[in-house]
Amino acid sequence: DAKTTQPNSMESNEEEPVHLPCNHSTISGTDYIHWYRQLPSQGPEYVIHGLTSNVNNRMASLAIAEDRKSSTLILHRATLRDAAVYYCILSPQDFGNEKLTFGTGTRLTIIP
Amino acid sequence: DGGITQSPKYLFRKEGQNVTLSCEQNLNHDAMYWYRQDPGQGLRLIYYSQIVNDFQKGDIAEGYSVSREKKESFPLTVTSAQKNPTAFYLCASSIKQTEAFFGQGTRLTVV
Chain A
399 DAKTTQPNSM ESNEEEPVHL PCNHSTISGT DYIHWYRQLP SQGPEYVIHG LTSNVNNRMA
459 SLAIAEDRKS STLILHRATL RDAAVYYCIL SPQDFGNEKL TFGTGTRLTI IP
Chain B
1214 DGGITQSPKY LFRKEGQNVT LSCEQNLNHD AMYWYRQDPG QGLRLIYYSQ IVNDFQKGDI
1274 AEGYSVSREK KESFPLTVTS AQKNPTAFYL CASSIKQTEA FFGQGTRLTV V
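Those sequence lines, one after another, are chains A and B.
With this note's numbering applied, the first sequence covers 399 to 510.
With this note's numbering applied, the second sequence covers 1214 to 1324.
In case anyone wonders, no lab produced these hints; they're calculated from the structure.
Fair warning: there could be bad hints in the mix.
Here are the computed lysine to any residue pairs in the SDA-like style, where the Cα-Cα straight-line distance is at most 25 Å [unchecked claim]:
no., chain 1, residue 1, chain 2, residue 2
1, B, Lys1284, A, Tyr444
2, B, Lys1296, B, Gly1216
3, B, Lys1222, A, Glu443
To give an idea of the interface, some chain B residues facing chain A are shown, with a C-beta separation under 7 Å as derived from the structure [what the hints assert, rightly or not]:
no., residue
4, Phe1268
5, Gly1318
6, Thr1322
We put the CB at the ideal spot given by N, CA and C, even for glycine.
Work out the full structure, taking the sequences as your base and the hints as a guide.
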C-alpha cells in the first residue's frame, strides 16, 4: 500500500492560514487522497478528499500537486478549535474505507 | 439526528474476562469498521464489514471477534486471548469510498 509522510507537529497563529503538507511519492493513479482530523479523546472527523483536482469545502481546501506526489491541506483561518491531529491517507479507488491507514499524523497547535 | 454511537465510553475489565463493545449507527451505511488506537499512535484496523452477515479481518484481528446480524449494529468482543487489550477503540461506518463517520470511542482498561 502507498504510504504518506507528514511532519510530526506544526504550530500556527490563530486567525492565520495553515498549510499542512503531505508527501505520497508512491501514490498510484487510482488512489484517493483523504484528510481526517482527530481532537483529543474523540474519534476522527472527515475533513476533505480528492483525486486529481483541487477541492474546496466549508472546512478546508485540498491542493494536489500536478504529479500527485504531494498535497496540502489548507485551513484558511485557523481557530483554537482547529487544534488536532491531522491525518493524510491514501485509499485505492476500488476499495471501501477498509484501506484507510491512519499513521501518526501531524499534531497542529494553534497559538492564541 | 443521524450518527454512530459507541457505548460505554469507559469500560474496565478484569484479566481473563471477555467484554463486548457496542457500536450502533442510524446512517443506513453498509460498511462498518473497528479500529484500535494506543497512546500517541495512529489507528489500526481490527475488523470490517461491508454488508450484513459478512465481515473480514483487518490488520490486528487476533484476540477479537465481531458479528454483523443487523445493518445498524457491529459489536466487538475483546476476548481473553487478546494479550494487551487496554486501548481506545473506535467504530466507524461509511458508504463505500465516501467519508467515514466515527463514534466517540470506548476507552477499555484492564485491571
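_Take the shortest C-beta to C-beta distance between Phe1268(B) and chain A; is it under 7 Å?_
This hint is violated: Phe1268(B) lies away from chain A, its Cβ roughly 10 Å from the closest one there, beyond 7 Å.
_Holds or violated: the hint that Thr1322(B) contacts chain A, with Cβ atoms closer than 7 Å._
violated (14 Å)
*Given the hint that Lys1284(B) pairs with Tyr444(A), test it: the Cα-Cα distance must not exceed 25 Å.*
holds (22 Å)
*asked:* Holds or violated: Lys1296(B) and Gly1216(B), Cα atoms, limit 25 Å.
replied: Roughly 32 Å separates the two Cα atoms, so the pair is violated.
*Taking 7 Å as the limit, does the beta-carbon of Gly1318(B) come near enough to a beta-carbon in chain A?*
Gly1318(B) check passes; min Cβ-Cβ to chain A is 5 Å, inside 7 Å.
*Do the alpha carbons of Lys1222(B) and Glu443(A) lie within 25 Å of each other, as the hint requires?*
This hinted pair holds, its Cα atoms lying about 18 Å apart.
The structure is inconsistent with the numbered hints 2, 4 and 6, although it conforms to all the rest.
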